[in-house]
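For this one, chain A is given, so just place chain B with the ligands on it according to the hints.
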Amino acid sequence: MASVVLNEVRKTYAGGFEAVKGVSFTVSDGGLCVLVGPSGCGKSTLLRMVAGLETVSSGDIRIGERRVNDLEPMARDIAMVFQNYALYPHMSVFDNMAYGLRNRGTPKPEIEKRVKEAARILELDALLERKPRQLSGGQRQRVAMGRAIVRKPAAFLFDEPLSNLDAKLRVQMRIEIRKLQRELKTTSIYVTHDQLEAMTLADRLVVMNGGHMEQVGTALDVFQNPASVFVAGFIGSPPMNFLAGEVDTQGRLRLPDGAFLAFDPKRGEAQVGRKVLAGLRPENVALRNGVEDGAAPRFRLELVEELGMGRLVHGKVGERPFTVAQGASDPPPSGYSLSIGIEPALVHLFDAASGLSLTSAAPRR
Amino acid sequence: MHEVSRALALALGLIGRGDQEFLSIVRLSLGVSLTATLAALVIGAPLGVALAISRFRGRAGLILTSNALLGLPPVVVGLCVYLALSRSGPLGKFGLLFTPAAMVVAQLILLTPIVIALTHRMAAGLWGEYGGALMVDGASGPRSIAIILAIGRATMLTVFLAAFGRAISEVGAIIVVGGNIRGYTRTMTTAIALETSKGELALALALGMVLIALSFAVNAVAFLLARAWRK
Ligand SMILES: Nc1ncnc2c1ncn2[C@@H]1O[C@H](COP(=O)(O)OP(=O)(O)OP(=O)(O)O)[C@@H](O)[C@H]1O
Ligand SMILES: [Mg+2]
Chain A
1 MASVVLNEVR KTYAGGFEAV KGVSFTVSDG GLCVLVGPSG CGKSTLLRMV AGLETVSSGD
61 IRIGERRVND LEPMARDIAM VFQNYALYPH MSVFDNMAYG LRNRGTPKPE IEKRVKEAAR
121 ILELDALLER KPRQLSGGQR QRVAMGRAIV RKPAAFLFDE PLSNLDAKLR VQMRIEIRKL
181 QRELKTTSIY VTHDQLEAMT LADRLVVMNG GHMEQVGTAL DVFQNPASVF VAGFIGSPPM
241 NFLAGEVDTQ GRLRLPDGAF LAFDPKRGEA QVGRKVLAGL RPENVALRNG VEDGAAPRFR
301 LELVEELGMG RLVHGKVGER PFTVAQGASD PPPSGYSLSI GIEPALVHLF DAASGLSLTS
361 AAPRR
Chain B
1 MHEVSRALAL ALGLIGRGDQ EFLSIVRLSL GVSLTATLAA LVIGAPLGVA LAISRFRGRA
61 GLILTSNALL GLPPVVVGLC VYLALSRSGP LGKFGLLFTP AAMVVAQLIL LTPIVIALTH
121 RMAAGLWGEY GGALMVDGAS GPRSIAIILA IGRATMLTVF LAAFGRAISE VGAIIVVGGN
181 IRGYTRTMTT AIALETSKGE LALALALGMV LIALSFAVNA VAFLLARAWR K
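Chains A and B are the protein sequences, given in the same order. So for the first sequence, the working numbering puts the first residue at 1; every next one is plus one. So for the second sequence, the working numbering puts the first residue at 1; every next one is plus one.
Next up, chain A with everything else stripped away, as it sits in the complex (with noise of 0.2 angstroms):
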């Protein structure tokens, strides 16, 4: 048991290319810390700094009371789950789950007692004779998790474990590692780049961008209050809308078509004048039919996907894309003269030149 903290960590490879600049954050004792950002932006470098897998080229990392940073990644107590497995091609499940047990000089009857019961969790008690390449793609996967719990570490790593895996069987497994580490109450960080697993599984959110921190926070409120455009659209599914426009008057926005936009001016200052980017979430707006009063911004439908639980309806709104989502006992949209509303409190507000938010209330760290 042991809380990670990570204190201004950064990064710069070999070729002088600096992946993670100045990154901070805490992991408390048995929660699950969830790394999420796109493609390239330092998770993994981040991960493998934790794990010792790479080297610190600034800052510090603590596992429980120690300082890492010059630890070999046997002495620091951690345990990971790769990408790709990595389970070793020539060795059973067995082996592969007693392998770094048998190298931590672990008795033998204790090995035995510790896979024999990550089996049953994992339910891969008939599987222990096989080679990995003799099991399916969710099969490896509970070995690599397996592989990782037999060693009963200080913190479990998981670098984007369900990304090798189809559709179904990621929700699934989302769900049991859920299970798996409140059960263990193993502190744990998780990296991946799907926004939906990230939500679903954090107890605390870091959103990361470029090699930087955008925000940490739990995911509901990073969720209701993005700390950035970047976050906002990152974070929810489909991604929240953008309009650009500048503040009219206090709680009024002009959009360049000549629409208004009113939003909530309790929830943060904006100055009369200022060039904005207005957030609208898909699932906030609603279509109106017709264009009633002639300010409200108008619709210009293009596409209306079904989804059975509800429907996608796409459009722009002056020249920029626009996607509303529409509950299933919601008409759906007649017509082509159609405007959106959506109440005052629930637009958000960010600078147009820097990207920050102006109504989230939530400090940026």
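Accuracy of the hints is not assured; some may be wrong.
Rough simulated footprint, nothing fancy, chain B against chain A, three-plus residues with beta-carbon under 8 angstroms [said to hold, decoys possible]:
hint	segment
1	69 to 83
2	94 to 107
3	212 to 224
Here are a few chain B residues that face chain A, going by a calculated C-beta distance under 10 angstroms [unchecked claim]:
hint	residue
4	R6
5	A9
6	G125
7	V136
8	I147
9	E195
Honestly, the hints are just simulated from the structure, not real lab data. Just so you know, these numbers come straight off a predicted model, no measurement behind them. C-beta atoms are modelled at their ideal positions from N, C-alpha and C, and glycine is treated no differently.
Below, chain B with the ligands alone, put in the same frame as chain A:
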């Protein structure tokens, strides 16, 4: 034309009745080349993996060197070994010059860079895949090397075949240090080189046929294995 077909008939006769001299030449060739190849594997394979998995100063230089040495001219290697083993050379007191052992040494020097370079290439890929897991699992350096070789054993077989193919068909180095002494250091390639120049075509042809069959078989097996394992 007439002479060639006569030589061909004689050659087939040598092979057919298992001529003693012919067989001993084939045996020596196989013995020298197999010994050199296995020794090169024993030395070069762990080194090749070690180059792929460890980070130390001068590592890039070593990799570059082993790759550059792939094209080592055999005659020059032979010459260097000759100078080292000759009576006035640093290793002269062992009296190895013009013995099969000298031939093994020369071929070992030729083959080791090949084994290192090919093994390194394979191990670099495997280390990318398994290195993290091995480090987290706390495998020591020698254990990591053993596991990478075990995982890559199929590729190592093709490395073996490539090295053996080079050894068995090589003439420059062994003719210089072995001296092509009849019944002692005469191998298939040195015999072909010398017999042909003397106009003794029958033995040369017979050995040539065996050599072609051997290297054809080695290359075919290497190709088939490589194809089967790529799937
Ligand atoms: N060994 C390396 N040397 C130099 N640059 C590297 C190295 N490894 C990664 N990078 C660069 O560092 C950046 C971050 O890489 P990293 O693998 O951490 O991204 P990631 O967020 O895990 O992306 P993905 O979701 O695609 O796995 C990338 O731009 C990558 O090109
Ligand atoms: Mg990655």
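Verification of the hints:
| no. | hint | result |
| --- | --- | --- |
| 1 | 69 to 83 | holds (count 7) |
| 2 | 94 to 107 | holds (count 4) |
| 3 | 212 to 224 | violated (count 0) |
| 4 | R6 | 55 angstroms, violated |
| 5 | A9 | 51 angstroms, violated |
| 6 | G125 | 12 angstroms, violated |
| 7 | V136 | 5 angstroms, holds |
| 8 | I147 | 6 angstroms, holds |
| 9 | E195 | 47 angstroms, violated |
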